[in-house]
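Could you put together the complete structure from these sequences and hints?
Each protein sequence line maps, in turn, to chains A and B. Using the numbering used here, you'd call the opening residue of the first sequence number 1 and step up by one each time. Using the numbering used here, you'd call the opening residue of the second sequence number 1 and step up by one each time.
Watch out, some of these pointers could steer you wrong.
[Said to hold, decoys possible] Computed, partial: chain A to chain B, Cβ under 8 Å:
1. Ile-75
2. Arg-137
3. Glu-138
4. Ala-159
5. Arg-160
6. Leu-169
7. Ser-176
8. Met-241
9. Lys-280
10. Lys-312
11. Met-390
12. Gly-556
13. Glu-564
[Stated by the list, open to error] Quick list of in silico lysine-lysine cross-link-like pairs, DSSO-like style, CA-CA up to 27 Å:
14. A:Lys-312 with B:Lys-95
15. B:Lys-175 with B:Lys-95
16. A:Lys-253 with A:Lys-488
17. A:Lys-310 with B:Lys-95
18. A:Lys-253 with A:Lys-7
19. B:Lys-48 with A:Lys-507
20. A:Lys-500 with B:Lys-48
21. A:Lys-304 with B:Lys-4
22. B:Lys-9 with A:Lys-85
23. B:Lys-251 with A:Lys-546
24. B:Lys-16 with A:Lys-495
25. A:Lys-21 with A:Lys-32
26. B:Lys-9 with A:Lys-311
27. A:Lys-505 with B:Lys-95
28. A:Lys-545 with B:Lys-48
29. A:Lys-553 with B:Lys-9
30. A:Lys-515 with B:Lys-4
31. B:Lys-175 with B:Lys-205
32. A:Lys-505 with A:Lys-535
33. A:Lys-254 with A:Lys-644
34. A:Lys-500 with B:Lys-153
35. B:Lys-11 with A:Lys-553
36. A:Lys-312 with B:Lys-4
37. A:Lys-377 with A:Lys-311
38. A:Lys-377 with B:Lys-175
39. A:Lys-310 with B:Lys-4
40. A:Lys-507 with B:Lys-16
Derived by calculation from the structure, the hints in this document are not laboratory data. All C-beta atoms, glycine included, are put in the ideal place defined by N, C-alpha and C.
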Amino acid sequence: MTKLNSKIPEGLLKDKWSNYKAHQNLVNPSNKRKLDIIVVGTGLAGGAAAASLAELGFKVKNFCYQDSPRRAHSIAAQGGINAAKNYPNDGDTVYRLFYDTIKGGDYRSRESNVYRLAEVSNDIIDQATAQGVPFAREYSGLLDNRSFGGALVSRTFYARGQTGQQLLLGAYSALSRQIGLGNVTMYNRTELMDIVIVDGKARGIVTRNLITGEIESHFAHAVVLGTGGYVNAYFLSTNAMGSNGSASWKAYKKGAFFANPSFVQIHPTAIPQHGEFQSKLTLMSESLRNDGRIWVPKNLEDAKAIREGKKKATDIPEDQRDFYLERRYPAFGNLVPRDVAARAAKERTDAGYGIENNPAGEGVYLDFKYAIERLGKNVIEERYGNLFQMYEKITDDNPYITPMKIFPALHYAMGGTWVDYELQTTIPGLFSIGEANFSDHGANRLGASALMQGLADGYFVLPYTIQNYLAYEIGTPRSNPKEVKEFKEAEESVKSYLNKLMGIKGKTSVDTFHKRLGHVMWNNVGMARTEEGLKEAIAEIQQIKKDFWSDLKITGEINAMNVELEKANRVADFIEIGELMARDALNRNESCGGHFRLEYQTDEGEAMRRDDKFMYVAAWEYKGDDQEPELHKEELKYEGIEVKTRNYKSA
Amino acid sequence: MSSKTINIKLKVWRQKDATTKGKFENYELSEISTASSFLEMMDVLNEKLVGEGNEPVAFDHDCREGICGMCSLFVNGHAHGPDTLVTTCQLHMRKFKDDETITIEPWRAGGFPVIKDLMVDRNAFEKIMQAGGFVSVSTGGVPDANAIPIPKKDSDEAMDAASCIGCGACVATCKNSSAMLFVSAKVSQLALLPQGKLEASRRAKNMVAVMDELGFGNCSNTGACEMECPKGISLAHIARLNREFLVATIKE
Numbered sequence: 001m002t003k004l005n006s007k008i009p010e011g012l013l014k015d016k017w018s019n020y021k022a023h024q025n026l027v028n029p030s031n032k033r034k035l036d037i038i039v040v041g042t043g044l045a046g047g048a049a050a051a052s053l054a055e056l057g058f059k060v061k062n063f064c065y066q067d068s069p070r071r072a073h074s075i076a077a078q079g080g081i082n083a084a085k086n087y088p089n090d091g092d093t094v095y096r097l098f099y100d101t102i103k104g105g106d107y108r109s110r111e112s113n114v115y116r117l118a119e120v121s122n123d124i125i126d127q128a129t130a131q132g133v134p135f136a137r138e139y140s141g142l143l144d145n146r147s148f149g150g151a152l153v154s155r156t157f158y159a160r161g162q163t164g165q166q167l168l169l170g171a172y173s174a175l176s177r178q179i180g181l182g183n184v185t186m187y188n189r190t191e192l193m194d195i196v197i198v199d200g201k202a203r204g205i206v207t208r209n210l211i212t213g214e215i216e217s218h219f220a221h222a223v224v225l226g227t228g229g230y231v232n233a234y235f236l237s238t239n240a241m242g243s244n245g246s247a248s249w250k251a252y253k254k255g256a257f258f259a260n261p262s263f264v265q266i267h268p269t270a271i272p273q274h275g276e277f278q279s280k281l282t283l284m285s286e287s288l289r290n291d292g293r294i295w296v297p298k299n300l301e302d303a304k305a306i307r308e309g310k311k312k313a314t315d316i317p318e319d320q321r322d323f324y325l326e327r328r329y330p331a332f333g334n335l336v337p338r339d340v341a342a343r344a345a346k347e348r349t350d351a352g353y354g355i356e357n358n359p360a361g362e363g364v365y366l367d368f369k370y371a372i373e374r375l376g377k378n379v380i381e382e383r384y385g386n387l388f389q390m391y392e393k394i395t396d397d398n399p400y401i402t403p404m405k406i407f408p409a410l411h412y413a414m415g416g417t418w419v420d421y422e423l424q425t426t427i428p429g430l431f432s433i434g435e436a437n438f439s440d441h442g443a444n445r446l447g448a449s450a451l452m453q454g455l456a457d458g459y460f461v462l463p464y465t466i467q468n469y470l471a472y473e474i475g476t477p478r479s480n481p482k483e484v485k486e487f488k489e490a491e492e493s494v495k496s497y498l499n500k501l502m503g504i505k506g507k508t509s510v511d512t513f514h515k516r517l518g519h520v521m522w523n524n525v526g527m528a529r530t531e532e533g534l535k536e537a538i539a540e541i542q543q544i545k546k547d548f549w550s551d552l553k554i555t556g557e558i559n560a561m562n563v564e565l566e567k568a569n570r571v572a573d574f575i576e577i578g579e580l581m582a583r584d585a586l587n588r589n590e591s592c593g594g595h596f597r598l599e600y601q602t603d604e605g606e607a608m609r610r611d612d613k614f615m616y617v618a619a620w621e622y623k624g625d626d627q628e629p630e631l632h633k634e635e636l637k638y639e640g641i642e643v644k645t646r647n648y649k650s651a
Numbered sequence: 001m002s003s004k005t006i007n008i009k010l011k012v013w014r015q016k017d018a019t020t021k022g023k024f025e026n027y028e029l030s031e032i033s034t035a036s037s038f039l040e041m042m043d044v045l046n047e048k049l050v051g052e053g054n055e056p057v058a059f060d061h062d063c064r065e066g067i068c069g070m071c072s073l074f075v076n077g078h079a080h081g082p083d084t085l086v087t088t089c090q091l092h093m094r095k096f097k098d099d100e101t102i103t104i105e106p107w108r109a110g111g112f113p114v115i116k117d118l119m120v121d122r123n124a125f126e127k128i129m130q131a132g133g134f135v136s137v138s139t140g141g142v143p144d145a146n147a148i149p150i151p152k153k154d155s156d157e158a159m160d161a162a163s164c165i166g167c168g169a170c171v172a173t174c175k176n177s178s179a180m181l182f183v184s185a186k187v188s189q190l191a192l193l194p195q196g197k198l199e200a201s202r203r204a205k206n207m208v209a210v211m212d213e214l215g216f217g218n219c220s221n222t223g224a225c226e227m228e229c230p231k232g233i234s235l236a237h238i239a240r241l242n243r244e245f246l247v248a249t250i251k252e
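Here's what the structure looks like:
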């Protein structure tokens with residue numbers, strides 16, 4: 001008995017979105033200005049949605065925890081954004097982009113959403129160009145493309161190695177225009193603390209002003225979460241320090257189902273960890289795999305000598321290098337999808353071939369020697385100059401001369417709040433967009449697809465679908481939250497929660513708990529998972545939770561800026577998210593995409609899906625702090641694509 | 001990635017809030033890995049302070065990979081510290097010597113009041129952007145991305161300007177606290193592209209008007225901003241801003 005209604009429109013796959021738009025309800029212009037929409041988050045999804053909804057005439061309130069909407073972590077995306085433009089004339093189509101995305105996600109995403117994503121992908125490139133986003137161009141003056149993992153065509157648009165920055169600044173410029181016009185009220189340095197439900201519908205949020213500590217309420221006719229992913233549960237990740245899962249988690253506790261929490265992406269090319277004080281991992285763009293070749297030494301002795309500093313990469317002769325991706329996956333080579341590349345790196349380092357001098361010997365080479373020989377240093381510098389500079393500043397090594405050292409790192413959450421075709425959660429009036437929702441990437445996201453999905457949701461999907469809900473809200477007057485019982489209760493509960501955190505007065509800092517959690521997550525809920533390890537993780541995380549709530553130490557005041565308190569609120573949620581992730585991974589007795597259970601693999605070490613038992617979205621319902629969550633299944637049906645075993649060995 | 005450890009002394013600006021007077025506090029840290037980033041060193045300091053029951057030092061930071069523009073800090077008299085083309089989060093401890101005293105201050109500029117410790121309010125930049133840092137296009141109904149070819153040179157130059165991360169190092173460095181480099185980067189980017197060209201002079205005029213209103217000083221062409229800019233934004237963009245501003249004045 002499922003409570004999930006995905007609201008997939010009738011008709012052929014290619015007609016669904018057109019049919020939907022043709023028949024959905026819309027709100028007329030004079031009513032739009034009577035309707036308030038809260039958008040939490042200002043990244044590609046949130047920022048684009050806030051701007052687009054305001055342009056349509058809605059009154060928008062937009063929130064971010066940073067000092068400016070331009071800081072959202074979408075800004076750090078390096079490589080590019082996919083679209084089915086087929087400018088290079090290499091055979092791309094909307095269907096092929098759809099096909100690659102479903103296959104890349106290992107047949108665990110919702111077909112209708114992904115097809116719509118591929119359909120609107122071209123509009124995004126047009127929109128960004130119109131905003132003045134300086135995408136890379138050819139001497140013809142036309143746009144350039146490059147290739148990314150999991151595709152046989154070149155469909156990735158880019159702006160040097162700063163594509164996310166440029167797309168975000170495009171959305172930010174549109175948002176700034178609407179703020180200036182008075183259509184968006186912007187709340188910087190403000191954190192969501194709870195979602196307020198009135199008569200079963202999302203009616204607003206309670207926030208904390210991060211400068212003054214003040215608790216405030218905000219009313220709206222609908223609430224949109226564009227709050228990103230939750231992989232900072234692992235402590236070390238490529239996410240920003242402030243990236244958190246708290247908005248989605250508060251929504252979960254208010255009744256929004258959380259889908260596929262165990263589906264997280266471990267990106268194959270980040271700079272390896274250097275020491276215990278490390279605060280985050282820096283990504284090296286997937287685009288580097290276009291020209292870099294990944295290898296480790298063929299001999300264990302060579303790997304050991306390199307780790308001990310007795311040999312250098314350049315000492316290893318050509319025939320003693322194992323280009324393991326090219327060896328294992330001849331058709332896609334270095335451009336296999338991220339989950340495949342990450343696992344292959346782990347396989348080599350586990351076998352003792354790692355080259356980095358850190359405790360676990362975790363590291364492999366990404367070598368540009370061959371590309372520099374083929375194309376010249378200038379070309380490589382033009383393509384990746386800023387990434388090479390970034391690498392050198394962090395590691396003190398020059399990647400034009402010695403190969404980069406890289407290793408997989410937590411990067412992105414495919415899982416997230418469950419949404420239907422309209423991007424609405426199981427709470428009426430609460431929507432979730434971009435990385436915060438679960439819908440488009442299945443068990444693995446392809447490179448250059450996050451920017452595509454965030455902007456698709458923000459510019460071209462939500463501004464339509466939200467109206468199908470709001471059309472029934474035109475009779476709901478704006479209310480003053482000070483006069484609404486539910487807001488007052490929510491404020492009281494937030495205050496008492498914060499008081500409880502401040503009142504523990506233990507001995508251990510927030511970061512210490514966060515690192516402890518991260519350790520368990522990386523070891524037991526990381527790239528290789530087992531039933532035993534996951535059970536152990538659940539027990540350990542429950543212990544961390546107990547210790548957190550009895551021994552946490554926060555200095556400073558509650559009614560003022562308090563960075564430790566901010567972190568404590570986020571880490572308290574990460575602990576619970578971590579437990580749900582482990583629980584979901586334990587339930588899923590198969591391997592698919594980024595979720596790899598050692599018990600379920602082929603003789604060649606590839607992921608073994610079990611479509612007969614697990615071709616579903618696992619959506620978890622919160623049942624109370626002391627109870628196990630309830631699992632709901634959304635069965636996945638594929639009509640427009642044949643379900644196959646992923647194969648990147650041959651075309 | 002060879003690393004060793006160093007001992008350092010810190011002189012850190014502490015200020016309770018916008019209205020309270022601040023002062024320097026001295027701290028000492030031992031065995032800091034030279035492979036650590038500067039902000040990881042700050043994390044170590046803060047863990048120590050929390051452990052001792054004191055309030056940690058407040059400073060802005062987020063992405064820690066040099067792109068979000070949130071981190072600031074004036075380190076030993078330089079915006080983003082003594083390395084070139086980096087933000088504070090990309091600065092590494094290998095740039096410092098054993099036993100060195102490191103002075104850490106917030107951005108100091110009239111347009112950027114201190115919120116707490118090393119954290120400043122850069123909302124003035126938001127107001128400037130809202131006045132004109134955009135192409136007046138709404139979502140939908142735009143031409144195909146390849147409908148208007150753009151010379152690669154112009155596009156590349158626009159990209160150079162667009163690399164600005166809005167951190168405010170230029171303002172903090174300038175003896176006049178001028179925001180001209182920041183404003184010119186956006187004006188220049190959009191003026192170089194056909195999509196933004198139509199509104200170029202109007203944009204320059206509107207952004208400059210708000211900049212003047214918010215207490216940023218004039219540009220006297222010393223070029224310190226360009227030297228300290230973590231993204232190497234060129235002074236040439238200020239020339240383009242002046243040109244567009246002049247056109248706007250003549251049009252009136």
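Status of each hint after checking the structure:
Because the closest C-beta pair between Ile-75 (chain A) and chain B is about 5 Å apart, less than 8 Å, the hint holds. A least Cβ separation of about 5 Å between Arg-137 (chain A) and chain B falls short of the 8 Å threshold, and the interface hint therefore holds. A least Cβ separation of about 7 Å between Glu-138 (chain A) and chain B falls short of the 8 Å threshold, and the interface hint therefore holds. About 6 Å separates the beta-carbon of Ala-159 (chain A) from the nearest beta-carbon of chain B, less than 8 Å, and the hint is met.
Taken as an interface hint, Arg-160 (chain A) checks out: its beta carbon lies about 6 Å from the nearest beta carbon of chain B, inside 8 Å. Nearest Cβ of chain B to the Cβ of Leu-169 (chain A): about 7 Å, under the 8 Å cut. The hint holds. Nearest Cβ of chain B to the Cβ of Ser-176 (chain A): about 4 Å, under the 8 Å cut. The hint holds. Taken as an interface hint, Met-241 (chain A) checks out: its beta carbon lies about 6 Å from the nearest beta carbon of chain B, inside 8 Å.
At a threshold of 8 Å, the smallest CB-CB gap from Lys-280 (chain A) to chain B is about 5 Å, leaving the interface hint in force. Against a cut-off of 8 Å between C-beta atoms, the interface hint on Lys-312 (chain A) is violated, since the closest Cβ of chain B lies about 12 Å away. Checking Met-390 (chain A) against chain B: minimum C-beta separation of about 6 Å stays under 8 Å; hint holds. For Gly-556 (chain A), the interface hint holds, the least distance from its beta-carbon to any beta-carbon of chain B being 5 Å, beneath 8 Å.
Hint status for Glu-564 (chain A) relative to chain B: holds, with the closest Cβ pair at about 6 Å, below 8 Å. Our distance criterion of 27 Å between C-alpha atoms is met by Lys-312 (chain A) and Lys-95 (chain B), whose separation comes to about 24 Å. The hinted pair formed by Lys-175 (chain B) and Lys-95 (chain B) meets the criterion: a straight-line CA distance of about 25 Å does not exceed 27 Å. Among the hinted pairs, Lys-253 (chain A) with Lys-488 (chain A) is consistent with the structure: their alpha-carbon atoms are about 18 Å apart, no more than 27 Å.
Annotation: proposed proximity of Lys-310 (chain A) to Lys-95 (chain B) holds, straight-line Cα distance about 26 Å (limit 27 Å). Restraint check for Lys-253 (chain A) and Lys-7 (chain A): satisfied, since their Cα atoms lie roughly 23 Å apart, inside the 27 Å limit. A threshold of 27 Å between alpha carbons decides the hint, and for Lys-48 (chain B) with Lys-507 (chain A) the separation of about 12 Å falls inside it, so the pair holds. A threshold of 27 Å between alpha carbons decides the hint, and for Lys-500 (chain A) with Lys-48 (chain B) the separation of about 24 Å falls inside it, so the pair holds.
Taking the CA atoms of Lys-304 (chain A) and Lys-4 (chain B), the gap is near 21 Å; set against the 27 Å cutoff, the hint holds. Proposed proximity of Lys-9 (chain B) and Lys-85 (chain A) is contradicted: the alpha carbons are some 56 Å apart, above 27 Å. As the CA atoms of Lys-251 (chain B) and Lys-546 (chain A) are separated by approximately 69 Å, the hinted pair breaks the 27 Å bound. Note on Lys-16 (chain B) and Lys-495 (chain A): the hinted pairing holds, with a Cα-Cα distance of about 23 Å set against a maximum of 27 Å.
For the suggested pair Lys-21 (chain A) and Lys-32 (chain A), the alpha carbons sit about 18 Å apart, so the restraint of at most 27 Å is met. The suggested pairing of Lys-9 (chain B) with Lys-311 (chain A) is violated, with an alpha-carbon distance near 36 Å, which exceeds 27 Å. Using a Cα cut-off of 27 Å, the hinted pair Lys-505 (chain A) and Lys-95 (chain B) is violated, with the two alpha carbons roughly 38 Å apart. For a cut-off of 27 Å, the pair hint linking Lys-545 (chain A) to Lys-48 (chain B) stands: about 23 Å separates their Cα positions.
Distance check on the hinted pair: Lys-553 (chain A) and Lys-9 (chain B) sit about 26 Å apart at the alpha-carbon level, within 27 Å; holds. A C-alpha spacing of about 23 Å is found between Lys-515 (chain A) and Lys-4 (chain B), which places the hinted pair at or below 27 Å, so the restraint holds. Under the criterion of a C-alpha separation no larger than 27 Å, the hint pairing Lys-175 (chain B) with Lys-205 (chain B) is consistent with the structure, at around 23 Å. About 30 Å separates the Cα atoms of Lys-505 (chain A) and Lys-535 (chain A), which puts this hinted pair outside 27 Å; it is violated.
A C-alpha spacing of about 38 Å is found between Lys-254 (chain A) and Lys-644 (chain A), which places the hinted pair above 27 Å, so the restraint is violated. For the proposed pair Lys-500 (chain A) and Lys-153 (chain B), the alpha carbon gap of about 58 Å is over 27 Å, so the pair is violated. Distance hint between Lys-11 (chain B) and Lys-553 (chain A) is fulfilled; the C-alpha atoms sit about 26 Å from each other, no more than 27 Å. Simply put, Lys-312 (chain A) and Lys-4 (chain B) have alpha-carbon atoms about 19 Å apart, close enough for the 27 Å limit, and the pair holds.
For a cut-off of 27 Å, the pair hint linking Lys-377 (chain A) to Lys-311 (chain A) stands: about 25 Å separates their Cα positions. For the proposed pair Lys-377 (chain A) and Lys-175 (chain B), the alpha carbon gap of about 39 Å is over 27 Å, so the pair is violated. Distance check on the hinted pair: Lys-310 (chain A) and Lys-4 (chain B) sit about 18 Å apart at the alpha-carbon level, within 27 Å; holds. At roughly 24 Å between alpha-carbon atoms, Lys-507 (chain A) and Lys-16 (chain B) fall within 27 Å of each other, so this suggested pair holds.
Of the numbered hints listed earlier, those contradicted by the structure are 10, 22, 23, 26, 27, 32, 33, 34 and 38.
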